[in-house]
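K.L.:
Residues per chain, in single letters:
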Amino acid sequence: MRITVTVDGTTYTDEVEPRQLLVYYLRETLGKTGTVVGCDTSNCGACTIHLDGHSVKSCSVLAVQADGAEVTTIEGLARDGELHPVQRAFHDNHALQCGFCTPGMIMQTLDLLADDPDPDEHAVRHGLEGNLCRCTGYQNIVRAVRDAADRMRPGAGPAAERLADDSRQMVGGE
Amino acid sequence: MIPTAFDYLAPSTVDDAVRVLADAGEDAKVIAGGQSLVPVLRMRLAAPTTLVDLGRIAELRGIRDDGDALVIGAMTTHHDVRRDPLVATHTALLRAATDTVADPQVRHRGTFGGALAHADPAGDLLAPALALEAEMVVCGMDGRRAVAARDFFVDYFTTALRPDEILVEVRVPKHTGWGAHYEKFSRVAQAWSIVAVAAAVQAEDGVITQARVGLTNMSSVPVRAHAVEDALVGRPATVESIRAAAELAAEGTRPAGDGNADVAYRQHLARVLTTRALVTAVGA
Ligand SMILES: Cc1cc2nc3c(=O)[nH]c(=O)nc-3n(C[C@H](O)[C@H](O)[C@H](O)COP(=O)(O)OP(=O)(O)OC[C@H]3O[C@@H](n4cnc5c(N)ncnc54)[C@H](O)[C@@H]3O)c2cc1C
Ligand code: FES
Ligand code: FES
Chain A
12 MRITVTVDGT
22 TYTDEVEPRQ
32 LLVYYLRETL
42 GKTGTVVGCD
52 TSNCGACTIH
62 LDGHSVKSCS
72 VLAVQADGAE
82 VTTIEGLARD
92 GELHPVQRAF
102 HDNHALQCGF
112 CTPGMIMQTL
122 DLLADDPDPD
132 EHAVRHGLEG
142 NLCRCTGYQN
152 IVRAVRDAAD
162 RMRPGAGPAA
172 ERLADDSRQM
182 VGGE
Chain B
308 MIPTAFDYLA
318 PSTVDDAVRV
328 LADAGEDAKV
338 IAGGQSLVPV
348 LRMRLAAPTT
358 LVDLGRIAEL
368 RGIRDDGDAL
378 VIGAMTTHHD
388 VRRDPLVATH
398 TALLRAATDT
408 VADPQVRHRG
418 TFGGALAHAD
428 PAGDLLAPAL
438 ALEAEMVVCG
448 MDGRRAVAAR
458 DFFVDYFTTA
468 LRPDEILVEV
478 RVPKHTGWGA
488 HYEKFSRVAQ
498 AWSIVAVAAA
508 VQAEDGVITQ
518 ARVGLTNMSS
528 VPVRAHAVED
538 ALVGRPATVE
548 SIRAAAELAA
558 EGTRPAGDGN
568 ADVAYRQHLA
578 RVLTTRALVT
588 AVGA
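If you read the sequences in order, they're chains A and B. Plus 11 on top of the position in the first sequence (first one is 1) and you've got our numbering. Plus 307 on top of the position in the second sequence (first one is 1) and you've got our numbering.
Bound-form chain A, shown alone (with noise of 0.2 angstroms):
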């Protein structure tokens, strides 16, 4: 089945199975490995994406059925080569060791700042409950999380302010 679909700004036709599940449509059709497969049981939210403006877990979606969708990737944050405040964030405050987790807790982190742009620890730990590190024990995540959403406060300085402005286009807001 043919199918078009907008990745990361740049718009894609290509003939794919019914069952190409979307994370492998990226990842091997289009090249864009930054969206990782954790699981198979849809549980560790490693592979998360926004699908028209919202996240999703990119292994429990079929390819058909973002036929017609807008789907941003990690791979689409950074601009002009200047990684986006929330990747500023996690590394900086070390939140990740071995990363296999990052593009799904920094994808997912995109669309709780979208919701709630000033997110207390509670509020961080519950957005992110859909996303398992085996790792860092969270807290440096926490952490990295409510420095993004400072770093993304209007006021917080030009070249943050910029980008926020781009990243909420690219979220789509709620």
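Hints in this document: simulated from the structure, not taken from any laboratory. Just so it is clear, CB atoms sit at the ideal spot from N, CA and C, and this is done for glycine as well. Fair warning: there could be bad hints in the mix.
Simulated restraints on C-beta separations [to be verified]: (1) B:356 - A:161: 48 to 54 angstroms; (2) B:329 - A:165: 51 to 57 angstroms; (3) B:320 - A:48: 32 to 38 angstroms; (4) A:166 - B:467: 54 to 60 angstroms; (5) A:79 - B:308: 34 to 40 angstroms; (6) A:79 - B:356: 23 to 29 angstroms; (7) A:105 - B:512: 39 to 45 angstroms; (8) B:511 - A:103: 53 to 59 angstroms; (9) B:352 - A:40: 24 to 30 angstroms; (10) B:467 - A:79: 43 to 49 angstroms; (11) B:554 - A:40: 57 to 63 angstroms; (12) A:24 - B:356: 24 to 30 angstroms; (13) A:103 - B:372: 45 to 51 angstroms; (14) A:79 - B:470: 27 to 33 angstroms.
Starting from the known structure of chain A, fit chain B with the ligands onto it as the hints suggest.
P.N.:
The following block gives chain B with the ligands in isolation, referenced to the frame of chain A:
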């Protein structure tokens, strides 16, 4: 794992969906949000020959006010149910239960109708649908019919839907002004209920006038705790009267025992969680 091969159809109206489902024969399956079905396909626990995707049918989405009830389209996502002001005002119990379903990503795709049609006994939306006396509107080759929640859930993962029928919408009677709470017990985040209790209570001048209590995972289907409801009516909305009534919560239930909880523990949980759900619902 990768699912086995299947044909894929994405009709744009309910009538077309029913027709292609009937044409595709008994190995065809409907896909809604895919949040239960895609994992099942990946594990190859099911191998349908055709998938009929309801995701392109606009008439199946959305929530409308229909006088004494809200009508919720089967393809309305958990995310949209949680955000809907009508749901919060008139069916607060449904809102509270939906808050506990899965995680944000799953709630963005998973649908109200899909959760009910899937009929997992641990699913969190079945007991609220039963307690609020919801009515399922289903459509097949012979047209539409309405099925009361108590007749809809037949057994583990089994509903009254016939092979050529789809769930179109759910009529949930308004319970405006009722106190409501969903108390869920599970071991870890994003986990299914070991037991959960759905409670909605109407009180006037500190006296309970009506009560609805539904139990999750206390049987192969959701069950109403009628004995608790009857014991509450006419009683003061206090912790004492709630405790006394909640003692009856496990009466007549025959839950399964499994690695999470044996039968006696599930029955104990039903009593404890019923107390907690009711206390929060009435604000006692
Ligand atoms: C990680 C994870 C955690 C979860 N945790 C919870 C939880 O805590 N509580 C909870 O309640 N649920 C939980 N779920 C399940 C979630 O609620 C699903 O959304 C729901 O069970 C199925 O809805 P769906 O729209 O995705 O249906 P699908 O997966 O598309 O379909 C499920 C089944 O219902 C049938 N079906 C769907 N829609 C219709 C229709 N309109 N007419 C006829 N048949 C239909 C399909 O043929 C299929 O057999 C979880 C899921 C995941 C992946
Ligand atoms: S790969 Fe684990 S949830 Fe998608
Ligand atoms: S950093 Fe290794 S899984 Fe999170």
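K.L.:
I want to verify a distance hint. Is the separation of the beta carbons of residue 24 of chain A and residue 356 of chain B within 24 to 30 angstroms?
P.N.:
holds, 27 angstroms
K.L.:
Using the C-beta atoms of residue 467 of chain B and residue 79 of chain A, is the stated range 43 to 49 angstroms upheld?
P.N.:
violated, 34 angstroms
K.L.:
Given a hinted range of 54 to 60 angstroms, is it respected by the beta-carbon distance of residue 166 of chain A and residue 467 of chain B?
P.N.:
holds, 57 angstroms
K.L.:
Could one say that the CB atoms of residue 79 of chain A and residue 356 of chain B fall in the range 23 to 29 angstroms?
P.N.:
Given range 23 to 29 angstroms: holds, Cβ gap about 25 angstroms.
K.L.:
Take a look at whether the Cβ-Cβ distance between residue 79 of chain A and residue 308 of chain B falls inside 34 to 40 angstroms.
P.N.:
violated, 27 angstroms
K.L.:
With respect to the beta-carbon atoms only, verify the hint that residue 554 of chain B and residue 40 of chain A lie 57 to 63 angstroms apart.
P.N.:
Holds, since residue 554 of chain B and residue 40 of chain A (Cβ atoms, about 59 angstroms apart) stay within the stated range.
K.L.:
Mind checking the hinted window 27 to 33 angstroms against the Cβ distance between residue 79 of chain A and residue 470 of chain B?
P.N.:
Taking Cβ atoms as reference, residue 79 of chain A and residue 470 of chain B lie about 29 angstroms apart, which means the hint holds.
K.L.:
With respect to the beta-carbon atoms only, verify the hint that residue 329 of chain B and residue 165 of chain A lie 51 to 57 angstroms apart.
P.N.:
holds, 55 angstroms
K.L.:
Using the beta carbons of residue 511 of chain B and residue 103 of chain A, state whether their distance is inside 53 to 59 angstroms or not.
P.N.:
The hinted range 53 to 59 angstroms holds for residue 511 of chain B and residue 103 of chain A, with Cβ atoms some 57 angstroms apart.
K.L.:
Take the C-beta atom of residue 352 of chain B and the C-beta atom of residue 40 of chain A, compute their distance, and say whether it sits inside 24 to 30 angstroms.
P.N.:
holds, 26 angstroms
K.L.:
Is the hinted range of 45 to 51 angstroms satisfied by the C-beta distance from residue 103 of chain A to residue 372 of chain B?
P.N.:
holds, 49 angstroms
K.L.:
Evaluate the given range 48 to 54 angstroms for the C-beta pair formed by residue 356 of chain B and residue 161 of chain A.
P.N.:
holds, 53 angstroms
When held up to the earlier numbered hints, the structure conflicts with 5, 7 and 10 and fits the remainder.
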